[in-house]
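Asker: Residues per chain are reported as follows:
Protein chains: 2
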Amino acid sequence: MELLTAKGVRDFAPQDKIARPQVVDLLRTTFELYGFSPLETPIIERLDVLSAKYAGGAEILKETFRFKDQGERDLCLRYDLTVPLARFVGMNPSLKMPFKRYAIGHVFRDGPIKLGRYREFMQCDADIVGASSMLADALCVKMAQSVFERLGLDVVIEVNNRKLLDGILDSLEIPDSKKVEVILEIDKLKKTSLQEVKKELKSKGIDNDAVERLMKILATEGSNIAKLEALKTLVNNRTAADGLKEIEQMLSFVDERNVVFSLCLSRGLAYYTGPVFEVFLRDSRKFSSSLAGGGRYDKMIGSYLRGTKEFPAVGISFGIEPILTVLELQRAEKEPKNTQRKTVTEVFVVPIRTTAACLKICDRLRNADIKCDLDIMERGVSKNLEYANTLGIPFCIIAGENELKSKTVKLKDMESGTEETLTVDAVIKKLKK
Amino acid sequence: MELLTAKGVRDFAPQDKIARPQVVDLLRTTFELYGFSPLETPIIERLDVLSAKYAGGAEILKETFRFKDQGERDLCLRYDLTVPLARFVGMNPSLKMPFKRYAIGHVFRDGPIKLGRYREFMQCDADIVGASSMLADALCVKMAQSVFERLGLDVVIEVNNRKLLDGILDSLEIPDSKKVEVILEIDKLKKTSLQEVKKELKSKGIDNDAVERLMKILATEGSNIAKLEALKTLVNNRTAADGLKEIEQMLSFVDERNVVFSLCLSRGLAYYTGPVFEVFLRDSRKFSSSLAGGGRYDKMIGSYLRGTKEFPAVGISFGIEPILTVLELQRAEKEPKNTQRKTVTEVFVVPIRTTAACLKICDRLRNADIKCDLDIMERGVSKNLEYANTLGIPFCIIAGENELKSKTVKLKDMESGTEETLTVDAVIKKLKK
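Protein chains in written order, with the numbering used here: chain A, 1 to 433; chain B, 1 to 433.
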């Protein structure tokens with residue numbers, strides 16, 4: 001046997017688990033402040049449930065890990081958190097609407113491995129089921145503002161509306177069958193050149209005139225309100241008007257400080273039916289991928305459940321990996337020379353033949369909520385300091401018999417190397433700062 | 001398609017996710033206070049890695065969910081967190097010893113379903129690798145004391161030692177090949193009658209005299225120290241003496257207030273080599289299963305890695321399910337009549353044509369860390385109060401134009417039904433209590 005992890009999965013060593021749970025906790029806390037409650041669905045689902053019509057679709061099913069249990073039942077690993085939400089809603093007909101839930105959990109995709117793409121990764125979703133009002137969509141955007149403010153990241157939240165895009169395509173007489181393809185091309189405008197997108201659209205059979213008119217519409221500039229006004233005259237049909245109205249309503253409920261109405265935002269997924277939004281770092285040269293995104297999907301749950309009931313829904317998903325990447329970039333910029341911490345321990349206690357007393361010191365530190373560890377190897381002082389140093393523990397307490405007699409200990413700042421002789425109370429006071 | 005979850009797995013609705021994360025957070029916090037750092041290994045592992053010799057063994061392999069990826073690689077779902085720890089230690093030879101890690105994560109077993117047994121469940125383990133000193137074992141016991149104190153549960157921690165049991169069996173001339181069987185029988189003494197165990201032991205070919213002498217030894221009574229002293233004369237061989245010394249050393253590092261040296265505790269797993277411990281509710285009539293347990297396993301990691309290096313190790317595992325069951329029993333005893341909360345939301349805001357102002361009130365509540373939600377359905381007051389009541393939200397804020405003009409809102413206590421007219425600041429002050 002060779003010691004290996006499976007392809008596309010990762011170990012997170014202690015040093016990788018310092019920032020990660022902080023971000024997850026921040027998301028959890030913010031979701032709850034915004035009235036979302038936690039829902040946990042299992043990692044293992046029945047294959048028929050996750051592969052039903054209106055669930056993930058062919059592309060994602062190809063990437064679903066499948067297996068059988070000992071009773072030969074067909075099972076699989078969940079590939080997202082949305083289909084299990086739909087299943088949960090269907091199985092709990094007495095659920096009060098609106099149902100606002102968040103879910104943070106691992107999902108699995110047996111797909112190709114690229115930089116930053118894994119086969120086992122975490123999704124963090126917040127969704128509102130059962131509310132049609134644009135207040136619900138606005139709440140998602142407001143919550144995104146709050147999350148990134150708390151993270152200390154300067155972001156731009158792009159918003160658009162699929163009804164508006166639909167109306168625009170109607171006005172250009174683009175047939176329904178080609179709409180999704182065209183929408184996917186529009187989404188590429190940020191990354192590819194205008195020429196490239198035009199060429200692609202033409203190769204998909206969209207006529208020259210329509211492509212030119214589409215490009216002209218998409219080039220509408222100005223403030224959010226200016227763009228809305230311009231489009232009211234540029235595109236004149238009911239669907240587009242509905243979309244514009246939804247954008248106006250949604251924006252009326254949010255502080256627009258970092259919200260930009262962006263006609264080129266479409267978000268690929270076919271199931272979106274109204275507002276869509278996506279969050280980017282304002283300085284996109286540093287990091288151009290999206291940090292969060294979502295939108296309204298009024299048809300998906302109802303179609304999946306095949307009942308008579310409709311389940312309007314809107315949700316937002318936060319990307320843990322890109323958020324961690326950006327936070328690390330920002331940290332590295334501020335403190336390029338950094339002793340990496342390999343543990344969450346804040347202070348390491350080194351006894352010099354004073355283990356019993358040091359156990360009591362540890363109890364006092366822990367009662368004061370200080371994360372502490374002590375030598376359990378009966379090593380000498382220098383070996384212990386070396387151990388603490390390698391792990392990046394910021395402070396050591398050295399306790400010899402003489403110090404203890406005078407009811408003090410030595411506190412060593414591992415970065416500066418300075419030592420102070422202090423009472424345990426003084427140590428606690430100092431470390432709590 | 002019928003809407004079903006897979007066999008042996010569960011949904012946790014919001015009402016099931018209120019106590020659960022609190023317990024997990026408490027464990028996480030306490031682990032970190034005791035110098036354990038988080039390690040996360042993937043849910044998917046290579047089958048050869050988890051099925052290697054000295055990993056889980058035949059019984060557990062039968063219960064391992066297996067599958068292949070698109071590249072026909074043999075994979076499986078982890079069945080515990082210990083073998084992945086051994087793999088991680090093997091793959092990271094520069095890891096500083098002692099390596100103290102905790103892991104909280106889902107594990108999977110394709111086994112029979114019984115009351116309280118699931119196919120997907122959470123394990124919470126803390127382990128110390130690389131330390132032989134009884135200080136390490138004592139730290140696990142101390143941490144267990146701390147965890148249950150913080151949980152408000154009155155427990156007894158039973159401790160024993162496998163070297164001692166081994167020595168006792170040696171003194172009775174029970175052959176090595178039968179030791180594990182006999183140890184498993186001893187473990188049953190708590191649950192079955194003495195007669196039953198005697199019968200079983202005899203049926204396993206242990207002679208009458210040995211069984212009687214064993215029962216006499218196991219019946220040793222008294223305080224921890226009295227039992228230790230009695231056994232020193234009752235069992236006279238090197239292995240037993242080593243075991244007794246380990247118990248003495250371990251106990252010297254802990255406050256024995258709720259620690260009981262119990263000769264009948266053996267913990268089934270073959271891999272334990274020294275101290276074993278298990279935590280029970282003191283009032284065992286209320287709940288008799290163990291809440292946590294662990295022990296020293298000095299051989300397992302080294303054997304699994306098949307190198308020349310030894311990896312002494314000791315660990316403790318906390319049972320989320322039994323802990324939650326006991327906490328719920330305790331809660332139900334204290335407050336039998338309980339409006340079950342179905343959400344973490346603390347206050348629900350009901351606008352009466354004052355949505356814009358209410359959005360600002362929500363912002364203020366959230367800035368004060370109060371979990372709040374507001375009507376997004378444009379429902380009437382009574383419908384909104386009914387919604388909040390069904391979800392068990394403890395407070396509602398009702399904001400009409402008149403109240404807002406006088407810069408106040410109505411705060412309704414949903415349990416007592418009382419209403420007060422207060423400023424938002426006064427509401428915040430009241431809710432923060």
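Everything labelled a hint here was simulated from the structure, so no lab data went into it. Be aware that a few hints might be false.
Footprint (simulated), chain A over chain B, 3 or more residues, beta carbon under 8 Å [to be verified]:
id: 1; region: 368-378
id: 2; region: 383-397
id: 3; region: 403-411
We put the CB at the ideal spot given by N, CA and C, even for glycine.
Asker: Give a verdict on every hint.
Answerer: Hint by hint, here is what the structure shows:
Given as covered by chain A, the region 368-378 of chain B passes the check, having 9 residues with a CB less than 8 Å from a CB of that chain where 3 are the minimum. With a threshold of 8 Å between beta carbons, the proposed coverage of the region 383-397 of chain B by chain A holds, since 3 of its residues qualify and at least three are required. Coverage of the region 403-411 of chain B by chain A is violated [criterion: at least 3 residues with CB-CB distance below 8 Å; count 0].
Checked against the numbered hints above, the structure violates only hint 3.
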